[in-house]
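The chain contents come next:
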Amino acid sequence: MLHHGDHGTTPPAPAPPTAVTEPQRKDTATTHPLRTEEDLLTVRHAVRAAALNAGFGLVDQTRIVTAASELARNAYVHGGGGSIRLEIIQHSGRLGLRLSVSDQGPGIADLDAAFIDGYTTGAGLGHGLGGARRLMDEFHVRTTPGSGTTITAVRWASDT
Amino acid sequence: MVLSEPEARLHVLAALREQPEKIADRWVQLQFEQAVLGGGLTEAELREEADVLVGALRSGLENEQSAHRVVATQRVLHQAIVDFSLRRARGGSTPTVTSLAVLSLKEALLEAVQQYARDSAALYSAALLVNRLLDAAGALSFETYVEGREEIIQRQSRQLLEVSTPVVRLWDKVLAVPLIGTLDTARTQVVMENLLHAIQRHEAQVAIIDITGVPTVDTAVAHHLMQTVNAVRLMGADCLISGIRPPIAQTIAQLGIDLSPILTRATLADALAAAMALIDREAPGSGSAAIR
Amino acid sequence: MSAPAGAGVPILRLGDVLVTGLLSELDDKAAVALTEELTQRVASERVRGVLIDISRLELIDSFVARALMELTTSARLLGARVVVCGMRPAVAITLVELGLALTGVETALNAERGMTALGWSRGHLPQEGAGDAPPR
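Chains as they are written, first to last, in the UniProt record's numbering: chain E, 1 to 160; chain P, 1 to 292; chain D, 1 to 136.
By construction, these hints were calculated from the structure, which means they are not laboratory data. Computed from a predicted model, the values in this text were never measured in an experiment. One should not assume that every hint holds.
What the hints assert, rightly or not - Here are the in silico distance ranges between beta carbons for each label pair:
# : chain 1 : residue 1 : chain 2 : residue 2 : range
1 : P       : Asn131    : E       : Thr30     : 35 to 45 Å
2 : P       : Gln159    : D       : Leu14     : 22 to 32 Å
3 : D       : Thr103    : P       : Gln156    : 36 to 46 Å
4 : P       : Arg201    : D       : Ser121    : 23 to 33 Å
5 : D       : Ser121    : P       : Thr251    : 36 to 46 Å
Stated by the list, open to error - To give an idea of the interface, some chain E residues facing chain D are shown, with a C-beta separation under 8 Å as derived from the structure:
#  : residue
6  : Leu40
7  : Arg63
8  : Val65
9  : Arg85
10 : Gly131
As the list claims (entries may be wrong) - Straight-line C-alpha distance at most 25 Å; calculated SDA-like pairs for lysine to any residue:
#  : chain 1 : residue 1 : chain 2 : residue 2
11 : D       : Lys29     : E       : Ala49
12 : D       : Lys29     : E       : Arg142
13 : D       : Lys29     : E       : Gly130
14 : D       : Lys29     : E       : His45
Backbone N, C-alpha and C define an ideal beta-carbon position, used for all residues, glycine too.
Can you make the complete structure from the sequences, with help from the hints?
As structure tokens, this is what we get:
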């Protein structure tokens, strides 16, 4: 066996300036608390900024912020508070925005019923969950009775 | 006797460090020879692309990962290969041509490595390493190529959607959308967006959706029509649907679809007359014409 | 915040119509406060119309939608009509996709058309509140 003791510890030489193609992708994820009513407003601003950053047009931004508002309020009102994570993601050259809203509340006992418009256990029109799903391209709910709910939703940017 | 990967890696790295220009030149030359050029790329562009990839290969290999994981984990290299493949996908190259281009980089690289390997065993090990490295690059390139084509198809279908849903101004404050083809979710979104912005821009009071060119109305299409009508109403304008042919009227009746909240007319001309009546009625001071 | 009982937006009275406009965003508390203040004033001032300009409002979710629908219903019970005007295209599209058509809420493209719908007309402004027969 040959040993090249210093090879492994040699720090990689910086690439020559012309070869730098590292894209300045904004695939940073941020997490925001949903503990107070003011948080709901702060989250809308953060979601709007992230959607703008991912290149969404005005109508899509409005869809995403509205869906986020519904989900955030659900977590705040029914889940006793929680958090929302925002991520810009990429697939097949398309950018998307992923919202993950988690709470440690009682969970959703009847998930099918929760998607039906008009079903509500609190304030609002009961369009929250089903409505938010219609505004997003992908929608997943993971809920455990007694220990909380996590909803993940994605909207993909249409290229223009 | 096969040498260890670190040993072979040193040989390949030496070639990449000391002769990047030569490797890049040779690769461009090979691509020319094999006529595997990406559509519309000039020699200068190819050369620039080759420089970037050779540089990225070098910095990628300088990390310690085993050769077959380098492409997956080194971001600069990964991105360079993705860019390379997307450029070809967009330029209209075939997938074969694209993967051949990656494979010819192997040849260019091995030729350079030859000078650094002392014997055939060393060269063999270096060749194995280059294979592991660039096979992963080839696989990524193919995958990216396919995704790139999908992206183009999506963009084209969206563009088609845009041009196939014009909003025309029929009269002062009256807009019309002649729909041709079916009305699915994606199309509905485009129609709504175009129509609502036009209503805002022209301060329109009535929008007419003409469905003469819609072959069938099922519950899904009816739902999408309702959505559009509701959105127009939320903007503060009235919405009419025209061009309901007798067989479509029958289908709607048979399916039990309730379009009664929507004002409908048989022809676009009838709808325009109804629209004028609506405007007259809403304009203060003029004689109000009863419609419906 | 120590904003007055209402939503922090002015509510003007023009003849027998209350006119107000919303800012770019409306939180849940403000939506409830505005609904309450408007309902109270409809009752105490016996107006017959309420015009709400929402041309700057960037978002209507199910909570705000519910507030607007409830306001419309209570105003109707008190003998007044509510007209919501100036909704942005993006907001309208999102609302119908959300499944909310604001059934029962009257709409107008802009404030002028909204006032017309409430019985005001151009050139009618100087002669305060005279003339037009109430629409219903």
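- If you check each hint against the structure, which ones fail? Per hint list: 2, 9, 12 violated.
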